[in-house]
Amino acid sequence: MDGALFGTETEYAAAGTLSPTELAYRVKVGVFEGRRYGLVEPSPREWGEIPGNGGFLFNGGRMYLDSGHLEYATPECRTLDDIVAAEHAGDLIVVATLAALGLQGENFFIKNNSDHFGNTYGYHENYCIRVSPRSRSVVEGILPFLVTRQVFAGAGMVRPASVRRRGSRQPALPGPTGNRPVPPFEISQRAAFTSVDVSNRVRFGGRPILNVRDEPLAAGRLRRLHNIIGDANRSEYATRLKIGTTALVAQLLEEGWAPDLELENPVRSLREIAGNPFGGWTVRLSDGSTLPAVEVQRRYLVEANLRYFGRDDDTTWVLRQWATVLNGLEMDPMRLDGHLDWVTKFLVLDRRASKSAQGWEDPALVKLDLAYHHVDPAVSLVTLLQKQGKLKPIAPEGLARELVNRPPAGTRAVARGRVVRAMADSRIDDMIDWRRLAQRLGERSGYGAEQTVVFEYVESHREITDASAWPLIPYLNGWSDLALWNVDDPDLPHVLPLGDPFSEHQEEARAFAEGVPWWVQAIREAVRK
Amino acid sequence: MRDDTCPSSFLLSPRESFYASQEARTRITRAFRGPGTAVAISPQAPTKPAEAPVETPSRPADRPDPDTSDPDADLDDELERIIREIPDPTPQPGGE
Chain H
650 MDGALFGTET
660 EYAAAGTLSP
670 TELAYRVKVG
680 VFEGRRYGLV
690 EPSPREWGEI
700 PGNGGFLFNG
710 GRMYLDSGHL
720 EYATPECRTL
730 DDIVAAEHAG
740 DLIVVATLAA
750 LGLQGENFFI
760 KNNSDHFGNT
770 YGYHENYCIR
780 VSPRSRSVVE
790 GILPFLVTRQ
800 VFAGAGMVRP
810 ASVRRRGSRQ
820 PALPGPTGNR
830 PVPPFEISQR
840 AAFTSVDVSN
850 RVRFGGRPIL
860 NVRDEPLAAG
870 RLRRLHNIIG
880 DANRSEYATR
890 LKIGTTALVA
900 QLLEEGWAPD
910 LELENPVRSL
920 REIAGNPFGG
930 WTVRLSDGST
940 LPAVEVQRRY
950 LVEANLRYFG
960 RDDDTTWVLR
970 QWATVLNGLE
980 MDPMRLDGHL
990 DWVTKFLVLD
1000 RRASKSAQGW
1010 EDPALVKLDL
1020 AYHHVDPAVS
1030 LVTLLQKQGK
1040 LKPIAPEGLA
1050 RELVNRPPAG
1060 TRAVARGRVV
1070 RAMADSRIDD
1080 MIDWRRLAQR
1090 LGERSGYGAE
1100 QTVVFEYVES
1110 HREITDASAW
1120 PLIPYLNGWS
1130 DLALWNVDDP
1140 DLPHVLPLGD
1150 PFSEHQEEAR
1160 AFAEGVPWWV
1170 QAIREAVRK
Chain P
3 MRDDTCPSSF
13 LLSPRESFYA
23 SQEARTRITR
33 AFRGPGTAVA
43 ISPQAPTKPA
53 EAPVETPSRP
63 ADRPDPDTSD
73 PDADLDDELE
83 RIIREIPDPT
93 PQPGGE
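Protein sequence lines, in the order shown, are assigned to chains H and P. Just so you know, we're using our numbering here: the first sequence kicks off at 650 and counts up by one. Just so you know, we're using our numbering here: the second sequence kicks off at 3 and counts up by one.
Bound-form chain P, shown alone (with noise of 0.2 Å):
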């Protein structure tokens, strides 16, 4: 299967909603098994999102920053220039 895919701890957090019966729980289950990923949901699994024992990847935002320089100042530079190049908003004949 392709790796480009949503990090895999999002899976940690199931609800009892999301199975409608004991063979969905157990198909479900079995498919978020992918190779290489080990996922146990067990029927102790926590019910509520924010209390899964997830290991979530932290956002750029929130890592500790050990130089205090801005990892995204060269995304702002290019942001700059895009929006110098690109033309003003411009009205857009209706479509459809």
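Looking at chain H on its own, in the form it has when it is part of the complex (with noise of 0.2 Å):
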């Protein structure tokens, strides 16, 4: 898609023998262990990160815990079919990592965002921009898109009681449910726990629909678009979509065009969309007037189309998709079965719950509602409807296999993926006296001087203001650069810069990689004596 870059990051829950803590840490051990399909980091990183926690893959993405989450961060992608691929690598990760470690079977991961015990847990959308994510025209100009996107691209879900517990929040429904009454079902897995509208925060002080922390992962203008309202779809459809969007919505605002309507409340409109599956929404705009949520998506389909149709194969897929999708929604949601994950999940769940004498109380819906989520194709009941035909996969077949091990193309991924894996090659983490580091690390990270160890640790790659932590970390590895201690002169290390995130850097890229072996065997040597 030209002119975007997107990355999707994935909080796992998990299930089983083991409590979802333990079974997050194994697994992360695991995929590390024996640099089964990354490196390991030794250093400490922002936010807290303690060293040992996660890693870069051999795929230019990365897996770590977060929150007691197993989380994995897609590499870099330009393409949908990358995006989409990419995502399901990081499944298909997990799930052999459970196999190897003899754990499959009786422990399972699931990608969604709510346990239906009142937890929620993120799915996030990074795309690439060039103009500040905090200005005012791209955060008013991008919350009636995310508030109304959910339509679309909302993964559904049983409403869980905590959610039931504050009262009815449905007004009576429009139009053609007349007196039916409405199923405990969200079109958004998200919605019912987003408090705020725009925040820097992601968790305290309220979850909002937009986080705003300006977090640049790269040189120069770019910046990071850092959504947090999606749900993780198990859909290729809906997930090709949501990004496709967003991306190009993303860049109508960075041009400077604005879709001139503003939510009274979007929080509130964000909710009473999520809690009908009917169809037929609205929102109230500022000025006191109502209008279609559908309406609201096509504000932005006309101007991207104007400017983009035609562009590229993506584009025109999205654009074209788009328009559909939201004829569809407006003439009936269900006919969209098979292509939303929300229309295809409450099929299945309504199916059921007209099967049982408990009605939509039954607590098997749950269970499917879960089961929709399970990545592991032996329980998925997305894999089950998609062997029936009920749901197509549309990435190229084979793509997500080969994303495993190797990064998608044309990004500086290419280039952080072969260098990791040159690293790895060269088994630089053996040198990691992962001891003294605990030591080193328990000695200064008292109350408040964490920080300090980071900062001085990992702020800057470049610029490593303590060089005696290279005997310890020999190496750190970033998204925007990486970086190996050079043993001649430990105040200038070896650094790889990735400041393009649109390039793949293959002639930088080479020469490092061609230089791990030397220096790994003089850190090697260094560490003997």
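A hint or two may mislead.
Computed, partial: chain H to chain P, Cβ under 7 Å [stated by the list, open to error]: (1) Ala662; (2) Gly665; (3) Leu714; (4) Gly717; (5) His718; (6) Asp764; (7) Tyr770; (8) Arg852; (9) Ala1013; (10) Val1015; (11) Lys1016; (12) Pro1026.
No lab work stands behind these hints, which were simulated from the structure alone. Don't be surprised by glycine CBs; every beta carbon is placed ideally from N, CA and C.
Taking the hints as your guide, dock the two standalone chains into a single complex.
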């Protein structure tokens, strides 16, 4: 997709004979054990990550623990096929690691956003943009889109009891629903847990629709739009549409276009839409008028179509499908069965409820809801629906398996993957003295001091202020650069900057990777002394 | 273009509000005319989805079943198996 760069982060839920946190920990260890899928990081990182908490993968992505969850960040991608496949590659890594550890069949990972006990966890989208994500034009311009995007991007869920206890939020539904009772079903997994429209935090102080944490991961004017309202989709079609439409909207906004509409209360609209699986959604604007949610989407679609139609295959696919889906949602959302997650799931659950004496109160519905998101194909409802032809995979067959071990083309992930592989082949992680590292951090990580240690070690790969850290941390891997200890001059480590995320940095990466075995050998000899 | 797309019959339900300008109308109409897709959006096209002469695919539940047997019986069996095999809902740490 021309001019676009995107990636996602998935926090997996876990269940089985082991506790979720223990299962997440053991699989994280397994991913890097024997350099199975990547190279563990010995450095502490921003946001309080301790050494060994995770590492970069050979596909250029990253696997790590966050808030007790196993989390997978895809490598940077430029095409919709790649992002769908790269996301699925994470699922494949998780399932294969479970099998390698002998845990498969009794322990499972789930790609969703709600545990039905009142807890939510994230699926975050990142888009490279050329303006500040905090600018008023971006924030105001994207909110109406994100609030209404769930009509096709929602993953759907049985409404958790904790949400039901808040009381009935759902007004009388319009149009075709008549007097039909509204089932306890939300078309979005995240809406019920979102309480503010914009925040620079992701959890405490209110979970926002849009997180405006300004954390550039690239050089120059390139910034990171961090969207945390999205659901972890299982339908590849929905994933493509979600990422593709949002990338186009991000481009519209960075070009200065504005939708010229403002929601009166974005969070309220978000929740009202989520609580209605029958369609006919409307939002109230700040001028007191109302507008169908589908029309809000069309406002963005029309402008994107005028500017971008025919630009490249991905863009044209998105524009066509965006229009098609909006028409379908307007006619009857249920006709999008097999394409949109929430519709597909709703119809499976509704069918089960209609055969149960307990109706929508049947506890099996919650299990089926979760089964839809299980990533182990043996018990995945999505896999079952795909086998029966009711839900089609549309990414090129085999691409996800390829992206387990190689980065997608056209981005700096190519360089990162190559160098991480070279470091792993040199067994550089063998030289990490984890005991000394723990002691050092332990000595210096008293209350308030931990940030100092983090700063000294990773504030800048190119200017590490504490050169004495190198014997403990012989390498540093990051999204925007990689570094190796230079035993001849600890103050001048070998660094591969990856400032341009749209470049594969082929030549620099090749030269750096060729040097890695020599530099690692020098480090090994220095450590022995 | 890939063929795993939504039913093209949805394209026959344009709304006037969909078109912000004549230019948009022209370009979007052209956009919908994919290879092998015989779609004509005329000025007289119906403006309400319910009036559109669509050939929408019927959902499985709407189709006549000559055998009177449930075509999704296998699905039900598989759902029961999955319900048995997956763990009960498990509280998770709050994330982000």
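Right, here's what the structure says about each hint:
1. Ala662: holds (5 Å)
2. Gly665: holds (5 Å)
3. Leu714: violated (10 Å)
4. Gly717: holds (3 Å)
5. His718: Check passed: Cβ of H/His718 comes within 5 Å of chain P, closer than 7 Å.
6. Asp764: Cβ of H/Asp764 sits 4 Å from chain P, so the hint holds.
7. Tyr770: holds (3 Å)
8. Arg852: holds (4 Å)
9. Ala1013: holds (5 Å)
10. Val1015: holds (6 Å)
11. Lys1016: Holds - the Cβ of H/Lys1016 comes within 7 Å of chain P, reaching about 5 Å at its closest.
12. Pro1026: For H/Pro1026, the interface hint is violated, since the closest Cβ of chain P sits about 11 Å away, which is over 7 Å.
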